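Residue numbers (numbering that gives the first Met the number 0), protein chains in the order written: chain A, 0 to 358; chain B, 0 to 564.
Rather than coming from a laboratory, the hints here were simulated on the basis of the structure. Keep in mind that a hint or two might mislead.
[Unchecked claim] Some chain B residues judged to face chain A by a derived CB distance under 10 Å, without partners named:
(1) Gly65
(2) Glu467
(3) Arg479
(4) Ile481
(5) Thr483
On a predicted model such as this, the values are computed, not experimentally measured, just so you know. We put the CB at the ideal spot given by N, CA and C, even for glycine.
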Amino acid sequence: MSIQIAGLKKSYGDQRAVDGVDIEVADGGMLVLLGPSGCGKTTTMRCIAGLEEPHEGEIRIKGKPVFSRAYNINVAVHERRIGMVFQSYAIWPHMTVQENVAYPLDMMGTPRAEKEQRVREALSLVGLEGFGERGASYLSGGQMQRVALARSLVMRPSVLLFDEPLSNLDARLRDHLRVQLRELQTRFGITSVYVTHDQREALAIADEVAVMQKGKVVQRGDPVSIYRRPLSSSIADFLGYSNIFDAHAQGEGRVALDGHDTALATLDPLPTDGAFSVCVRPEDIHVLPEGAADGPAGERIAGEVTLVSFMGSFHQCRIRTPSGAVWEAHAPAVGRPIRLGERVQLILPPAAVLLAPRR
Amino acid sequence: MSRSLFQTIGGLGLMSLLLAILVVLVVVPFGMLIYASFLTAVPFSGERDLAFTLANYADLWSADLGRACVNTLIVSLGGSAMAMAIGCSLAWLAARTDVPGKSLVHLAGVMPLFMSLLVAAVTWSLLGSGRSGYLNLIFDYIGLPLRIQMQSLTGITFVHGLYYAPYPYIFLYSALTLVNADMEEAAAVHGGTMARNLRRVTFPLVKPALIGSFLLCAVLMAEDFPVPQILGAPVGIETLSISIYKLMSVVPAKPTQAAAASILLTGIVFVLIFFQRLVLAGRDYRTLTGKGAQVRPIRLGRWRWVAFGLVGFYAFVAVGLPMAALLQGSLRSNLFIRDAAALFDTSQMSLVHLKAAIFSSAFHESLYNSVIAGVTTAALGSVLFFTLSYVVNRSTLPGRQMLEYLAMTPLAVPALVMGLGILWTWVRAPLPVYGTIAILVIAFLTRFLPQGYRTVSSSIRQVHDDLESAAMVAGATRRRAIQTITMPLVRGGVVASAFLMVVLGLRELTASLLLYTTKTRVLSIVIYEQYVNGNWAQVSALSLIYTSLLVILTLAGRRFLRAQL
Chain A
0 MSIQIAGLKK
10 SYGDQRAVDG
20 VDIEVADGGM
30 LVLLGPSGCG
40 KTTTMRCIAG
50 LEEPHEGEIR
60 IKGKPVFSRA
70 YNINVAVHER
80 RIGMVFQSYA
90 IWPHMTVQEN
100 VAYPLDMMGT
110 PRAEKEQRVR
120 EALSLVGLEG
130 FGERGASYLS
140 GGQMQRVALA
150 RSLVMRPSVL
160 LFDEPLSNLD
170 ARLRDHLRVQ
180 LRELQTRFGI
190 TSVYVTHDQR
200 EALAIADEVA
210 VMQKGKVVQR
220 GDPVSIYRRP
230 LSSSIADFLG
240 YSNIFDAHAQ
250 GEGRVALDGH
260 DTALATLDPL
270 PTDGAFSVCV
280 RPEDIHVLPE
290 GAADGPAGER
300 IAGEVTLVSF
310 MGSFHQCRIR
320 TPSGAVWEAH
330 APAVGRPIRL
340 GERVQLILPP
350 AAVLLAPRR
Chain B
0 MSRSLFQTIG
10 GLGLMSLLLA
20 ILVVLVVVPF
30 GMLIYASFLT
40 AVPFSGERDL
50 AFTLANYADL
60 WSADLGRACV
70 NTLIVSLGGS
80 AMAMAIGCSL
90 AWLAARTDVP
100 GKSLVHLAGV
110 MPLFMSLLVA
120 AVTWSLLGSG
130 RSGYLNLIFD
140 YIGLPLRIQM
150 QSLTGITFVH
160 GLYYAPYPYI
170 FLYSALTLVN
180 ADMEEAAAVH
190 GGTMARNLRR
200 VTFPLVKPAL
210 IGSFLLCAVL
220 MAEDFPVPQI
230 LGAPVGIETL
240 SISIYKLMSV
250 VPAKPTQAAA
260 ASILLTGIVF
270 VLIFFQRLVL
280 AGRDYRTLTG
290 KGAQVRPIRL
300 GRWRWVAFGL
310 VGFYAFVAVG
320 LPMAALLQGS
330 LRSNLFIRDA
340 AALFDTSQMS
350 LVHLKAAIFS
360 SAFHESLYNS
370 VIAGVTTAAL
380 GSVLFFTLSY
390 VVNRSTLPGR
400 QMLEYLAMTP
410 LAVPALVMGL
420 GILWTWVRAP
430 LPVYGTIAIL
440 VIAFLTRFLP
450 QGYRTVSSSI
460 RQVHDDLESA
470 AMVAGATRRR
480 AIQTITMPLV
490 RGGVVASAFL
500 MVVLGLRELT
510 ASLLLYTTKT
520 RVLSIVIYEQ
530 YVNGNWAQVS
540 ALSLIYTSLL
550 VILTLAGRRF
560 LRAQL
């Protein structure tokens, strides 16, 4: 294990920012801390870097404790040898690209020849050969973030931290840089922690995802299992399950939605205690014209289309049932388009109907 | 292992040092004043029998002081009203209309700031006092039955209004350019008429700037010393500042009563500042710069040139006339002026006074003193302001908010009052400070603490935290990170504040007047002394040199350092 965190706690005044976090990251692995803003993910990361001092707990990097309340250990930020890429890029505007990247080596007292060699290598890794002499403040956002990445790689860090590194970039650049970042990280096998509030980004880049809410890790797992099986309705909501309805068990593999005359079949075992919700991803629902008899097996619900929005690879639709429930579904972009005001039927295959504790 | 303990001790040590400095600079002098106001004699003055008394406050209930209070309010509120009328009209013209020569209008809006109030008051008394005032001579010559008397309450109010107009101008100009054209256009789209839009959208948006700048003017005028001292005191018109100064300079002096009167003046200023804070509530319009452009200018039609003419007239009255008067005063070979024709008689002109002023030892010594005091203040100030701003904005040390409050406190303490407190604090102190330039440096540091701190602080705030964090993550100690990253990035702000110290120090008269000795006269003091001696030629010549120096420094500062002068 490259990073081990146990019982981490940090408060600001009365505010519990991090409330007992336990995390391990395997050698060369990429852990993504995913959660809404204010959930404590950034604070957790800043504690690893040493920029914040936790109130309780222990942090080990490569087996060596860098912070421990019990043993009164707190290794200073600059001695931790950690690379970090900031959301704001944190590129020093009064230096050239080269000076920015060489800074960590200057701090280590690396000999000149080796330094120049390593800076050149780092710049070429991120595709910025020949940019060395440029003033850092003349770069575009994407270029700045590459410089930040080069600056982190050049010191050959034991651990690399990413604090929402892509959220200030435009969508196209974000996808491009995300791929490049993942490529470099796996190539060099650098253990990484990545913080984001974007579930798509998290699932795309992670070896393991830790979902955080209110200062706690509420679910951990590989991206696929996190996506398939959120542990609660609020996690499901955060992961893009846009159809969440309170429900109660009817028996024999069927649940009924509270307040609507709709009952659905599910493959999930019916919970015997506690309130639960039905969670369905919009892309798992089929939209068919009214009266069509084809389509997959599953519960059929009739409704009226109240919103259609073309998203490129699909149509995002909103359908209102006679009982007032509003469903969101993705209809294919090909074939006969769904029209506003049209009466349609939704098909919900039992495998798409997920049950999760309501919290 | 106990690194964090060391850090804590180091941090607390720094915090205590900063607190101690601010307490000595700000709290002790004012505390001394409050203390003295309840005693029969000034503490530590060698007087043996100090006793507690309320007599100093009881004596404030005199007809003279009552009159002074009323006068203070008249010149303060009247002057503010005039400054608002001028400043707001200029701001509206510059920000919203198609008036020709906008950059000239903008210049006219800020230019009067370059003149020190001392020089302004002196020149206006030259222009408009009695029969021999230049303007009165000219009026007489062209047969106008008009005589102006600047040495009057009206005169003081007029000079205040003329030279404080830049404050409302700057406030309102930025507020007006900040009001997005979209907001007004949105109102128009939703069916508002022009007049209704002005009332319902524009006015509420700029209202804080209006009220804020009115109160700021009122504060500055209420505590002002040079103008009423020069235009009022000679004819027996007193404002509170003048009464305080008189209580200090009569024989025998009544210092404890001056202390009580100081508390009263501070009280008035404090109430005004309180209202200003209430209105502005965290909004600092001066730090925001307008986007300009976008706004579609209002067409003035044939009034364009009328407006331009009025702007030109203001610039002429506020700057042109005084400069002409100074030239006239310093070029005249003899004092007596028979009529207006003599004003333009070249045979009566010579460079003898200008030469005498430039080569006088008084000028050299005072210039030297001014420069030394200004540069020392700037050097010490830079270190102090940077450390203060860093600790307040970047540390998590307890008590950092307190530091900021203390640093801003001198804004609410009139210069004369602060000068008095500093005098009593240091005159008997075991350190050899009184009678040296050092006490002027202390006074300047205290007086300009708010401006200096704010300049550096705002430039530190513009440097993202992450920049320093990134350096530390990259292996730099905090000290190294400050040296290599933060300091180079705020250098501009620090240099600007240092420059500000030099210029403000050069302009300062009020506190210096209480603290100077014959060996530590600064430029403003020499001009004031020559004025008191009635040496008009020297007053004019020195003022001319002094004003040129200020204008050059101010323009250079604005141009190269973007200093807020």
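Verification of the supplied hints:
1. Gly65: violated, 50 Å
2. Glu467: At 9 Å from the nearest chain A Cβ, B/Glu467 passes the 10 Å test, so the hint holds.
3. Arg479: Check passed: Cβ of B/Arg479 comes within 7 Å of chain A, closer than 10 Å.
4. Ile481: Constraint on B/Ile481 not satisfied, violated at 13 Å.
5. Thr483: holds, 8 Å
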